[in-house]
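Construct all of the structure, not just a fragment, from the sequences and the given hints.
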Amino acid sequence: MSPAAVTVDRLEKTLGKNKVLRGISFEANSGEIFGLLGPNGAGKTTTLRLICTLLAPDAGSVAVLGFDTRTAPEEVRRRVGVVTAEIGVYARLSARENITYFAELSGVIDGELNRRVDAVIDRLDMGSFAKQRAESLSSGQKQKVAIARAIVHDPEILMFDEPTSNLDVLASREIRDFMVESRGREKCVIFSTHVLHDAERLCDRVTILHQGTVVASGTTAHVRGSHRDLEEAFLELVG
Amino acid sequence: MNALGIVFRKELREILRDRRTLIAIGMAALATPAVLIVISQVSAKTATQEYTVGYSGDIPTGLDILLTATSLKLERVDDPAAAASKQVDLGVAFQPTQIDEYYDPTRQSAQIADTRLQTVLGEYNAAKAAAALREKGVDPAVLTPLPIKSHPLSSVVKAAGNAFLSFFLPYILITMVFTGGLSAALDASAGERERKTLEALLLTPAPRSRILVGKILAVTTISLLSAFAAISSMLLALSQIPLVGARVTLSPLAAAVMVWLAVLLAGSFSSLTLALGTLAKNFRQGQAFSTPLYFITIFPASIILFIPDFNPSLAYYLIPIFNAVLVLRDAIVQNSVAWPALGVTSVSLIATGLLCWFATLRLFTREALLIRS
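If you're matching them up, the sequences are chains E and P in order.
According to the working numbering, the first sequence is numbered sequentially starting from 2.
According to the working numbering, the second sequence is numbered sequentially starting from 499.
Think of the hints as simulated: they come from the structure by calculation, not from any bench.
Beta carbons are placed, not taken as given, at the ideal position from N, Cα and C, and that holds for glycine.
Just to be clear, a hint being listed does not mean it is correct.
[Stated by the list, open to error] Stretches of chain E that chain P covers, calculated by requiring three or more beta carbons in the stretch to come under 8 Å of a beta carbon on chain P:
hint : region
1    : 48 to 57
2    : 91 to 101
3    : 105 to 112
4    : 176 to 182
[Said to hold, decoys possible] Just a sample of chain E residues kept apart from chain P, beta carbon distances all over 12 Å, derived:
hint : residue
5    : Glu13
6    : Gly128
7    : Arg206
[As the list claims (entries may be wrong)] Here are the computed distance ranges between Cβ atoms for each label pair:
hint : chain 1 : residue 1 : chain 2 : residue 2 : range
8    : E       : Val181    : P       : Ala529    : 57 to 65 Å
9    : P       : Arg864    : E       : Glu75     : 53 to 61 Å
10   : E       : Gly185    : P       : Tyr792    : 54 to 62 Å
11   : E       : His195    : P       : Gly503    : 39 to 47 Å
12   : P       : Pro790    : E       : Ser139    : 47 to 55 Å
13   : E       : Thr72     : P       : Asn833    : 55 to 63 Å
14   : P       : Gly841    : E       : Ser26     : 55 to 63 Å
15   : E       : Asp119    : P       : Phe797    : 49 to 57 Å
16   : E       : Val181    : P       : Arg864    : 34 to 42 Å
17   : P       : Ser730    : E       : Lys18     : 30 to 38 Å
18   : P       : Val845    : E       : Glu75     : 31 to 39 Å
Listed below in structure tokens is the structure:
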């Protein structure tokens with residue numbers, strides 16, 4: 002078996018006076034959708050921020066494709082793409098200019114730049130609004146820009162942090178389809194959500210966090226066990 | 499292209515599409531000429547304005563013609579003292595052996611009328627005295643045993659222009675360098691947080707120090723653009739508008755010093771305002787943080803206005819902004835540069851800029867930056 006794409010080992014993090022993570026461990030692999038689940042405040046977003054090097058761990062470690070987040074943060078960021086619920090874009094730039102900016106900053110070389118940007122615009126069906134300024138785009142279109150800028154450098158790891166929470170049904174569906182498609186491309190997809198129903202439909206394996214600790218981990222079927230669905234299993238786990 | 503150039507180009511593109519920034523640059527270019535036109539017109543109007551002198555008694559022969567010729571209109575009143583408080587600009591009671599003058603120093607019109615009256619009376623008295631001496635066969639030159647003949651070594655008109663410029667230019671430069679880039683700086687810092695693009699930006703592998711330098715360079719460029727737009731339009735306006743007794747030109751040396759100081763000031767201000775913007779939660783809070791800073795920066799320029807002959811020791815040139823004002827003032831007035839003063843000033847401003855950049859970088863790399871957003 003190939004080594005895990007993301008390895009989180011006994012990770013601890015305190016923000017202010019709040020101990021957010023209390024020694025969590027899990028692994029996520031290429032070619033799977035890995036669910037990081039739990040209620041609001043469980044530590045999901047902090048975990049993702051530690052994986053993508055926006056925060057530094059107090060104890061424990063994170064390795065992304067063999068690169069330690071402490072010692073090689075830039076190498077890690079080169080291999081990670083993150084989509085969050087916050088779909089902030091540069092309003093005075095066009096959708097295409099937004100994507101190009103992030104592609105350049107992510108190190109996509111000049112000769113490849115236009116081809117990559119065009120490819121991602123095609124892939125996300127953004128051709129009709131690619132030249133429009135971002136200030137005039139709908140929420141769904143902005144979310145596509147946010148996804149495009151996260152994947153334009155073709156990262157091996159894709160992380161989605163509550164990506165559908167501000168979107169309508171159609172846009173949410175597109176995001177879910179995109180995650181499934183990325184799994185098919187052998188990407189490691191980490192999907193953080195508190196909507197357990199979504200996770201149950203999409204994820205191959207899940208880890209459930211509660212108050213900064215892992216309360217369950219395994220395949221979706223294993224964690225669900227004999228319960229009707231993940232939600233019931235979760236409620237029993239957290240008492 | 500490396501991250502610095504990528505960020506610089508993107509920031510500049512965004513800034514130049516921002517209506518607020520374009521309005522600020524446009525205002526900078528238009529405001530100074532507008533102010534100068536108003537000053538010029540007020541000066542011209544004041545010079546030709548007619549003021550009223552309320553008088554009683556008999557006016558000495560010929561004095562009425564002199565007063566009327568200097569736009570002092572004569573109006574007979576019963577009580578000059580009472581009339582001078584409101585009805586007329588000046589009250590004069592002509593007595594056989596003296597003249598009593600009544601005026602309210604708190605009224606500007608009274609002050610101007612008083613100056614004109616004193617000048618006219620001085621000339622009238624001198625002419626009368628000279629005539630009386632001549633009648634008695636005495637040469638009036640005895641009244642001036644040591645006459646003074648002035649030999650100005652440079653143009654008096656140009657000196658007046660330089661004095662005006664040495665007051666005005668540092669003030670405009672500092673104000674425009676600071677305010678011209680402020681909106682851009684806040685947009686590039688607090689704006690990132692407000693529109694929720696900060697996290698995505700920091701997620702790129704680009705080193706944060708380069709991202710920051712790219713932003714600083716873009717803001718510096720806009721600051722300089724704004725300052726030079728304001729100063730160019732000011733100089734153009736001054737070449738077209740006649741200011742009383744002054745001809746205003748900027749020598750090549752003073753212009754070179756101004757450009758150098760503007761670059762140093764803009765670099766420091768950009769770092770500082772980006773730091774404040776990074777601390778702020780949103781654009782509006784950034785503006786609130788920056789307001790006191792504006793007064794701190796403009797204070798040194800204002801102080802110099804009140805002490806034009808201030809001759810400082812070299813140590814004073816260590817004080818940022820204050821030193822730039824002093825060097826620029828000297829370059830304009832004396833058309834020369836004291837190289838040690840310029841050296842100390844440059845070192846001081848570069849050190850200030852680096853300090854501000856370092857502080858901004860520290861803020862930009864703190865975890866709290868993201869947690870707060």
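Inset, instruction - Could you check the structure against the hints above and give me the numbers of any it violates, in ascending order? - result: 4, 9, 12, 17
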